[in-house]
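**Q** Read off the chains here:
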Amino acid sequence: QITLKESGPTLVKPTQTLTLTCTFSGFSLSNGGVGVGWIRQPPGKALEWLALIFWNDDKRYSPSLKSRLTITKDTSKNQVVLTMTNMDPVDTATYYCAHRFDYDYYFDQWGQGTLVTVSS
Amino acid sequence: QSALTQPASVSGSPGQSIAISCTGTSSDVGAYNYVSWYQQHPGKAPKVMIYDVSNRPSGVSNRFSGSKSGNTASLTISGLQAEDEADYYCCSYRGSSTLAVFGGGTKLTVL
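Sequence order for the protein chains is B and R.
Under my numbering, the first residue of the first sequence is numbered 1, with each subsequent residue one higher.
Under my numbering, the first residue of the second sequence is numbered 1, with each subsequent residue one higher.
Just chain B, same shape as in the assembly:
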């Protein structure tokens, strides 16, 4: 059974860097064929894909946010970390991490999400 859970600060100030951690179980990123992505959703708005890291450390980013994002993995801890620099109030959103197989093109399992508010 695959599970994912996001963790991190609930409140960050403008210009600060956000660091979110996705802790997962039921699969390993040291094995071939899997990836973990991040998707966000501002309150009352649509989903937006942010980044994805594959088992082989291949990393992909949303072109519009690429300069602000870094995704890494720690296979020993079963964690994926997303950092986003220069946070702004428009970045207020629920941030989800999700699992996909590298040969698929959809996210089959999602975490519960974590709400991050950007405010001074």
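Heads up, a few of these hints could be off.
[What the hints assert, rightly or not] Chain B regions said to be covered by chain R (calculated; three or more residues, Cβ under 8 Å):
1. 53–66
2. 95–108
3. 111–119
If you are wondering where the hints come from, they were derived from the structure by calculation, not from laboratory data.
Even glycine gets a Cβ: it sits at the ideal position worked out from N, Cα and C.
Once you've looked at the hints, dock chain R against the given chain B.
**A** Just chain R now, kept in the frame of chain B:
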């Protein structure tokens, strides 16, 4: 402004069928058979209902079906039930540099 265009809302009565459209471009929906649909109830995480245009994951009701024509994909829900009331998002692959683009979401109301 989302990459894919969906109607903001649709509604139907129990037992009826509804369809939600998702319009993209020849660079995403029209180029690949990698359209997926997600159901999201209030305060919950999205759940995949359809992948690769028309495939249902195990456990998803066969009342949900998907199709595509040109740059537009569609999700059809037949035999509407109260539990189907939720937001629905389409998603498409757009090439190796943009792995996923989402639609703006459609709120389904079961009357």
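**Q** Against each hint, give a clear statement of whether it holds in the structure.
**A** Quick rundown of the hints versus the structure:
1. Look at the region 53–66 of chain B against chain R: 3 of its residues bring a Cβ nearer than 8 Å to a Cβ of that chain, three or more, so the hint holds.
2. Here's how the region 95–108 of chain B fares: 6 of its residues keep a CB closer than 8 Å to some CB of chain R, so the rule of at least three is met and the hint holds.
3. Closer than 8 Å: that is the beta-carbon criterion, and the region 111–119 of chain B has 3 residues meeting it against chain R, so the requirement of 3 holds.
When held up to the earlier numbered hints, the structure conflicts with none and fits them all.
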